[in-house]
Amino acid sequence: MFGSHPKLGFPRKVVACYLLFCMATVCWLALGVCLISHKVLSLHSASSCLSRLGKTAAAIEISYLRHGQEKLQHLTKQAQVEGGLAYASIIGPNGIYLAHTNASLRDMPALRPTGSLLRWGSVTGIRFVDQQNRTLREYQVPLTVDSQSIGSLQIAVVEPSVSATLASVAQYAPITVLIPLALVALGALVLGRLTGAVAEVDDQLRQVALLPPGREVSLQRLTARNGSSLGWNRIVESLNELRNHSGDQSLNKRLTEAIAVRRQNEQLDILQNLSDGVAVTDMEGRITFANRAIKALLGAEATDDVLEGTVISDRLIHNMPELAQCPLFDPECTNRSVVFEGHRHGVKADRVLRVSRQPLVGGQLKGQVWSLRDVTQQKLADKMRDQFIDTATHELRTPLSNIKAYAEMLATCDKIELEQQKEFCNIIDSEVTRLARFVDDLLSISSMEVGSLSADRQKVEIARLFEEVLDKIQPTMQKKDIQFEVRLPEKMGVLELDKEKIVAVLVNLLGNAAKYTPSGGHVSLKVKLEEDLLQIAVEDTGVGISPEDLPMVFEKFFRSKDARVQAEAGTGLGLSLAREVVRMHGGDISVESQLDKGSTFLVSIPLE
Amino acid sequence: MNDKAQRILIVDDNVALARVIQFAMDGAGFETVTAQNGRIAFELAKKSLFDVVITDQQMPEMTGVDLCRNLRGMPEYEDCPIILLTAKGLELELPRLQHELEIDATFSKPFSPSTLVKTVNELLAAAVS
Numbered sequence: 001m002f003g004s005h006p007k008l009g010f011p012r013k014v015v016a017c018y019l020l021f022c023m024a025t026v027c028w029l030a031l032g033v034c035l036i037s038h039k040v041l042s043l044h045s046a047s048s049c050l051s052r053l054g055k056t057a058a059a060i061e062i063s064y065l066r067h068g069q070e071k072l073q074h075l076t077k078q079a080q081v082e083g084g085l086a087y088a089s090i091i092g093p094n095g096i097y098l099a100h101t102n103a104s105l106r107d108m109p110a111l112r113p114t115g116s117l118l119r120w121g122s123v124t125g126i127r128f129v130d131q132q133n134r135t136l137r138e139y140q141v142p143l144t145v146d147s148q149s150i151g152s153l154q155i156a157v158v159e160p161s162v163s164a165t166l167a168s169v170a171q172y173a174p175i176t177v178l179i180p181l182a183l184v185a186l187g188a189l190v191l192g193r194l195t196g197a198v199a200e201v202d203d204q205l206r207q208v209a210l211l212p213p214g215r216e217v218s219l220q221r222l223t224a225r226n227g228s229s230l231g232w233n234r235i236v237e238s239l240n241e242l243r244n245h246s247g248d249q250s251l252n253k254r255l256t257e258a259i260a261v262r263r264q265n266e267q268l269d270i271l272q273n274l275s276d277g278v279a280v281t282d283m284e285g286r287i288t289f290a291n292r293a294i295k296a297l298l299g300a301e302a303t304d305d306v307l308e309g310t311v312i313s314d315r316l317i318h319n320m321p322e323l324a325q326c327p328l329f330d331p332e333c334t335n336r337s338v339v340f341e342g343h344r345h346g347v348k349a350d351r352v353l354r355v356s357r358q359p360l361v362g363g364q365l366k367g368q369v370w371s372l373r374d375v376t377q378q379k380l381a382d383k384m385r386d387q388f389i390d391t392a393t394h395e396l397r398t399p400l401s402n403i404k405a406y407a408e409m410l411a412t413c414d415k416i417e418l419e420q421q422k423e424f425c426n427i428i429d430s431e432v433t434r435l436a437r438f439v440d441d442l443l444s445i446s447s448m449e450v451g452s453l454s455a456d457r458q459k460v461e462i463a464r465l466f467e468e469v470l471d472k473i474q475p476t477m478q479k480k481d482i483q484f485e486v487r488l489p490e491k492m493g494v495l496e497l498d499k500e501k502i503v504a505v506l507v508n509l510l511g512n513a514a515k516y517t518p519s520g521g522h523v524s525l526k527v528k529l530e531e532d533l534l535q536i537a538v539e540d541t542g543v544g545i546s547p548e549d550l551p552m553v554f555e556k557f558f559r560s561k562d563a564r565v566q567a568e569a570g571t572g573l574g575l576s577l578a579r580e581v582v583r584m585h586g587g588d589i590s591v592e593s594q595l596d597k598g599s600t601f602l603v604s605i606p607l608e
Numbered sequence: 001m002n003d004k005a006q007r008i009l010i011v012d013d014n015v016a017l018a019r020v021i022q023f024a025m026d027g028a029g030f031e032t033v034t035a036q037n038g039r040i041a042f043e044l045a046k047k048s049l050f051d052v053v054i055t056d057q058q059m060p061e062m063t064g065v066d067l068c069r070n071l072r073g074m075p076e077y078e079d080c081p082i083i084l085l086t087a088k089g090l091e092l093e094l095p096r097l098q099h100e101l102e103i104d105a106t107f108s109k110p111f112s113p114s115t116l117v118k119t120v121n122e123l124l125a126a127a128v129s
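The listed protein sequences derive, respectively, from chains A and B. Position one of the first sequence corresponds to residue 1 (my numbering), numbered consecutively onward. Position one of the second sequence corresponds to residue 1 (my numbering), numbered consecutively onward.
Everything labelled a hint here was simulated from the structure, so no lab data went into it. We treat Cβ as the ideally placed atom computed from N, Cα and C, and that holds for glycine. Keep in mind that the hints are not guaranteed to be accurate.
[Stated by the list, open to error] Mimicking DSSO-like on lysine-lysine, the simulated pairs with C-alpha atoms at most 27 Å apart in a straight line are:
| # | chain 1 | residue 1 | chain 2 | residue 2 |
| --- | --- | --- | --- | --- |
| 1 | B | Lys118 | A | Lys415 |
| 2 | B | Lys118 | A | Lys404 |
| 3 | A | Lys479 | A | Lys526 |
[Stated by the list, open to error] Here's a subset of chain B near chain A, in silico, CB distances under 10 Å, partners left out:
| # | residue |
| --- | --- |
| 4 | Asp13 |
| 5 | Asn14 |
| 6 | Leu17 |
| 7 | Val20 |
| 8 | Phe23 |
| 9 | Gly27 |
| 10 | Pro60 |
| 11 | Leu85 |
| 12 | Ser108 |
| 13 | Lys109 |
| 14 | Pro110 |
| 15 | Phe111 |
[Said to hold, decoys possible] Cβ pair distances, simulated, as ranges:
| # | chain 1 | residue 1 | chain 2 | residue 2 | range |
| --- | --- | --- | --- | --- | --- |
| 16 | B | Asp79 | A | Cys425 | 37 to 45 Å |
| 17 | B | Leu44 | A | Glu322 | 41 to 49 Å |
| 18 | B | Pro60 | A | Asp350 | 22 to 30 Å |
| 19 | A | Pro475 | B | Pro60 | 17 to 25 Å |
| 20 | A | Pro475 | B | Gln98 | 40 to 48 Å |
| 21 | B | Gln98 | A | Pro606 | 55 to 63 Å |
| 22 | A | Pro475 | B | Leu44 | 29 to 37 Å |
| 23 | B | Gln98 | A | Arg292 | 46 to 54 Å |
| 24 | B | Leu44 | A | Asp456 | 51 to 59 Å |
Start from the sequences, fold in the hints, and give me the full structure.
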């Protein structure tokens with residue numbers, strides 16, 4: 001029954017069986033105890049009956065000897081009371097009751113009951129059922145006085161029935177039955193505990209057995225309680241490892257295949273994502289491969305505009321007519337590399353494209369590889385640099401010319417008045433200063449390029465810094481008749497700055513303000529010193545900066561094309577230097593401007 | 001020979017330089033007029049005749065080369081000696097310019113004013129003969 005029960009696991013079956021057999025044992029023992037008690041009680045009553053019989057017989061014989069038949073009734077009664085007898089009687093030799101505990105039967109003829117005979121030596125007994133349905137045992141023994149029989153003595157006891165036995169045993173039942181039951185229960189608990197881990201393992205095993213064939217076996221770890229659960233966990237772990245490993249192996253194979261495909265796609269991706277346009281043409285000049293960039297550069301971004309199959313020279317010349325004459329398409333030059341730059345007129349702006357063609361050599365592919373690159377930015381940078389060189393040359397040669405001319409005049413001319421001589425010398429002096437300043441700027445720019453420009457931060461009295469700035473800039477302001485407003489904070493104190501560079505930056509900003517503000521205009525210098533920030537604003541009512549130029553003003557060499565700006569001398573270096581210096585102090589510089597209204601430059605330097 | 005002083009037009013946006021050239025030319029007995037850019041110079045040239053034009057190249061509104069071109073377009077200045085002063089690397093293109101615009105002499109900055117005076121005298125002498 002238990003063996004095939006579907007729900008119970010093996011350990012639980014063990015516990016169930018244990019309980020069953022223990023209960024059976026306990027019941028059997030209880031039963032046995034009852035039976036034995038019953039037997040013992042019966043024997044006990046029998047032996048006590050026999051001893052009572054003997055004692056009573058002896059007492060009666062003695063009493064008969066002394067008193068004759070007088071006390072016989074009394075003795076029977078006494079015997080009955082002492083022995084708990086059903087009745088006691090003496091039958092005379094004539095068969096008449098000489099005494100009977102039931103007084104009414106005295107002097108009556110004795111009725112011998114019928115039943116099963118019992119015998120112990122000279123004692124005979126009868127087991128019978130009386131009128132009241134009680135099972136009685138009557139024991140009889142002959143009485144002799146002086147070797148003369150005077151009759152026989154009968155005593156009868158109620159045979160102890162099973163129920164009587166049980167009743168007498170019942171009071172001990174709680175102790176005798178409940179304690180074993182408690183022990184059994186405890187035993188079941190302990191057994192359950194001990195087999196706990198095994199039970200979990202057994203559960204898992206039976207679950208596995210229930211799995212349909214082909215399904216993957218999955219086992220769970222158990223809470224580590226004892227050796228078997230630890231062992232189980234080890235098995236589960238190694239099974240999982242094995243599985244992963246074998247999974248890995250098949251994965252590896254698939255991976256290797258996928259990698260090969262992926263690499264191919266990656267290379268294609270790389271080509272597609274290049275910023276340079278790449279195309280491959282066959283021997284007839286027809287495009288066999290074109291990446292995304294070349295499609296964009298040739299204006300073929302529309303999905304229905306397919307480059308592959310078209311003749312490349314057509315497309316290129318269509319975009320850049322000046323290519324028509326160049327050796328790019330000369331069939332004589334197919335085994336040479338050719339590079340050519342051309343202009344492509346676009347909707348938004350003209351672009352300069354560099355086209356290079358190289359023959360495909362060495363591999364299986366025959367034809368040409370074309371590369372198209374947008375070099376507009378580069379060209380712009382080159383142009384700016386050339387512009388700078390022009391300006392620099394001008395800025396260097398102008399003061400030099402003046403110095404030479406005036407010096408020569410002073411040296412050779414005899415007819416110069418003293419006042420004029422002094423004037424000439426002053427001019428030479430100021431030109432030298434101008435030249436020196438420009439050379440400094442150039443050196444700063446080149447240090448900036450190299451990255452060796454550094455801020456030498458020292459404790460500086462701010463008041464003195466601004467004094468120096470104002471000293472340097474006042475002449476310029478006065479010369480142009482500009483209203484110059486200065487607003488400085490009351491408490492200026494000491495800050496850690498590179499005084500020389502900051503002064504140069506401020507002089508540059510104010511100089512620009514003055515330079516690009518017409519006569520009679522207004523320039524202001526407003527300084528705010530907060531707890532953690534130094535803010536300097538240079539405002540002017542000058543020519544302003546257009547929105548197109550605004551993002552470029554801090555770039556090296558940049559000079560606006562605005563005629564009013566071009567009219568002034570400038571290198572396009574001042575603002576980029578200013579930005580570099582401010583950034584070295586951890587700060588930043590920004591500008592707000594409106595064309596023809598004016599500009600405001602804002603410098604913020606954080607203070608530690 | 002003409003006793004009236006020869007008139008020289010000096011064109012340069014570098015005021016100091018224009019002044020020192022003027023000083024040198026005045027000292028050499030010429031009558032001088034200065035202009036700060038090509039446009040002003042052209043107006044002046046149209047108004048009155050000059051014997052020599054000395055001009056800088058890099059100037060706002062009209063460069064020296066353009067001024068040259070415009071002057072050469074006027075019959076009065078077809079043969080006028082024109083001297084070009086330049087700070088730029090036009091040295092490379094000077095032969096072409098000289099040929100194209102018939103610029104008589106070029107000076108790259110810095111230059112010696114006395115040499116300039118000497119050149120002016122030579123050109124004027126050659127023009128007469």
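Check: For which of the previously enumerated hints does the structure constitute a violation, in increasing order of number?
Finding: none
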